[in-house]
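Fit chain B to the known structure of chain A by using the hints.
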Amino acid sequence: MTEGPIARWSQARRRQRAARDEDFTAFVAATAHRLRRTAYLLCGDWHLAQDLTQTALARMYASWGRVRRSDNLNAYSRRVLINTIFDQRKRRSSGEVVVAELPESVERAPDATAELHVTLMRALATLPLRDQAIVVLRYWEDHSVETVAEILDVSESVVKTQSARALTRLRVLLGEEFVRT
Amino acid sequence: MEPSLRVLFDRALSDEPSAPPGDLAREAMAGGRRQRRRRHLLAGGVAGVVTALVAAVAVNVATAPPSIPTAMTLAVGPACRQPVVVEDELAVFLRQDVTDRQRANLDESLRSDPRVQRLRFETREAAYEKFRQMYRDSPDLVAAVKPGQLPDSFRVTLVQPERSLPFQEEIQRRPGVETVVRTVCDGRQPAGEGE
Chain A
2 MTEGPIARWS QARRRQRAAR DEDFTAFVAA TAHRLRRTAY LLCGDWHLAQ DLTQTALARM
62 YASWGRVRRS DNLNAYSRRV LINTIFDQRK RRSSGEVVVA ELPESVERAP DATAELHVTL
122 MRALATLPLR DQAIVVLRYW EDHSVETVAE ILDVSESVVK TQSARALTRL RVLLGEEFVR
182 T
Chain B
64 MEPSLRVLFD RALSDEPSAP PGDLAREAMA GGRRQRRRRH LLAGGVAGVV TALVAAVAVN
124 VATAPPSIPT AMTLAVGPAC RQPVVVEDEL AVFLRQDVTD RQRANLDESL RSDPRVQRLR
184 FETREAAYEK FRQMYRDSPD LVAAVKPGQL PDSFRVTLVQ PERSLPFQEE IQRRPGVETV
244 VRTVCDGRQP AGEGE
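These protein sequence lines map, in sequence, to chains A and B. FYI, in our numbering the residues of the first sequence are 2 to 182. FYI, in our numbering the residues of the second sequence are 64 to 258.
Since the hints were made in silico from the structure, they are not lab data. Any given hint could be a false lead.
[As the list claims (entries may be wrong)] Label pairs and their computed distance ranges (CB to CB):
# : chain 1 : residue 1 : chain 2 : residue 2 : range
1 : B       : 195       : A       : 30        : 31 to 37 Å
2 : B       : 237       : A       : 71        : 48 to 54 Å
3 : A       : 72        : B       : 174       : 26 to 32 Å
4 : A       : 17        : B       : 218       : 27 to 33 Å
5 : A       : 73        : B       : 81        : 26 to 32 Å
6 : B       : 209       : A       : 16        : 26 to 32 Å
7 : A       : 66        : B       : 220       : 31 to 37 Å
[Stated by the list, open to error] Here are some chain B residues the structure puts well away from chain A; computed CB gaps all over 10 Å:
#  : residue
8  : 98
9  : 167
10 : 171
11 : 195
12 : 201
13 : 212
14 : 221
15 : 222
16 : 240
All of these numbers come straight from a predicted model, not from anything done at the bench. A virtual CB, placed ideally from N, CA and C, is assigned to each residue, including glycine.
Chain A on its own, in the form it takes in the complex:
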């Protein structure tokens, strides 16, 4: 006699959890590779990029009940990822040994095609992390100024001025013809 409602409750609970997990799994399948690429562009290490992606996804899952209903899950996931990267960078600078810091040779000739991607990564890495994030979100992920501002929790004018400044810098490092965005 008491079983009915309580059994229903526990069933509802199980169902809710299953639906939540299913949803999350689909989300991971759809987003993980893009997140990993974005992470890579910001950290320059595929292995670390994988770890950062997993950490960011775990953080999202920890609040998934609330997060899954958010209007812009895509932007939100970037925000979590970027924060994870910021955190990791902070930890690293306050103790851990710097592993893959910028090599001095940014001036390497950009004509060797094989070296191009290294060169871009090196040039990017000379920027402050937030500017790197702005460039990647804006020109790789194609987010609007508004969305980038939201992801990074800064004003739109900061996004505009910083992306202009960052592009100028990349142009200097990479050669004029490479930045015509």
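Okay, now just chain B, sitting in the frame of chain A:
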């Protein structure tokens, strides 16, 4: 060809390795659960844990009487991974059809039992309130349970909590008792799948 920044990005990503083996979603979920547990412990502190355990136990116990191992495991599992000091209490859940006489008898014998240090009664209303608080983020779950559907319980603190087992078994056999559950995490509970 004058590659734009976008093309440079594509090239930068050209050495992308294939994703490492393993189920990323599953691993992320495991990590997320650990974080949630940690957060619960930090936010709720010890009192929060006790409340959560007790409420969860109350609910789960009612789900599967009279065999409770799975319910217990579920309820206690998460917190058991963390060393927490909580009040060692026995929850004596009463059957839904317990009679006033049975309840009064139980109350009397618990009161006069020298092994009992402290005794309080938790009404089903109080249990419901706790449950509602605990699951306030899941309105549909709360909606599925109505006040009065959670059991009444006596809450017993023993003088020698470490010797609770014989006491538990004894009370368990009393008329009107659904089950007796120790609410403390004593480290012997297997870890459950958790939330």
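Right, here's what the structure says about each hint:
1. 195(B) to 30(A): 31 to 37 Å: holds, 35 Å
2. 237(B) to 71(A): 48 to 54 Å: Given about 51 Å between the Cβ atoms, the range holds.
3. 72(A) to 174(B): 26 to 32 Å: violated, 57 Å
4. 17(A) to 218(B): 27 to 33 Å: holds, 29 Å
5. 73(A) to 81(B): 26 to 32 Å: holds, 29 Å
6. 209(B) to 16(A): 26 to 32 Å: violated, 19 Å
7. 66(A) to 220(B): 31 to 37 Å: Given about 35 Å between the Cβ atoms, the range holds.
8. 98: Since the minimum Cβ distance to chain A is about 4 Å, residue 98(B) lies within 10 Å and the statement is violated.
9. 167: The claim stands: residue 167(B) keeps its Cβ more than 10 Å from every Cβ of chain A (closest is about 22 Å).
10. 171: holds, 26 Å
11. 195: Fine: 12 Å to the nearest Cβ keeps residue 195(B) off the interface.
12. 201: The claim is violated: residue 201(B) sits with its nearest Cβ about 7 Å from chain A, within 10 Å.
13. 212: Given a closest Cβ separation of 5 Å, the condition is violated.
14. 221: Check passes; 28 Å lies beyond 10 Å.
15. 222: holds, 33 Å
16. 240: Per Cβ check, residue 240(B) is outside 10 Å of chain A; nearest 15 Å; holds.
The structure shown violates the earlier hints numbered 3, 6, 8, 12, 13.
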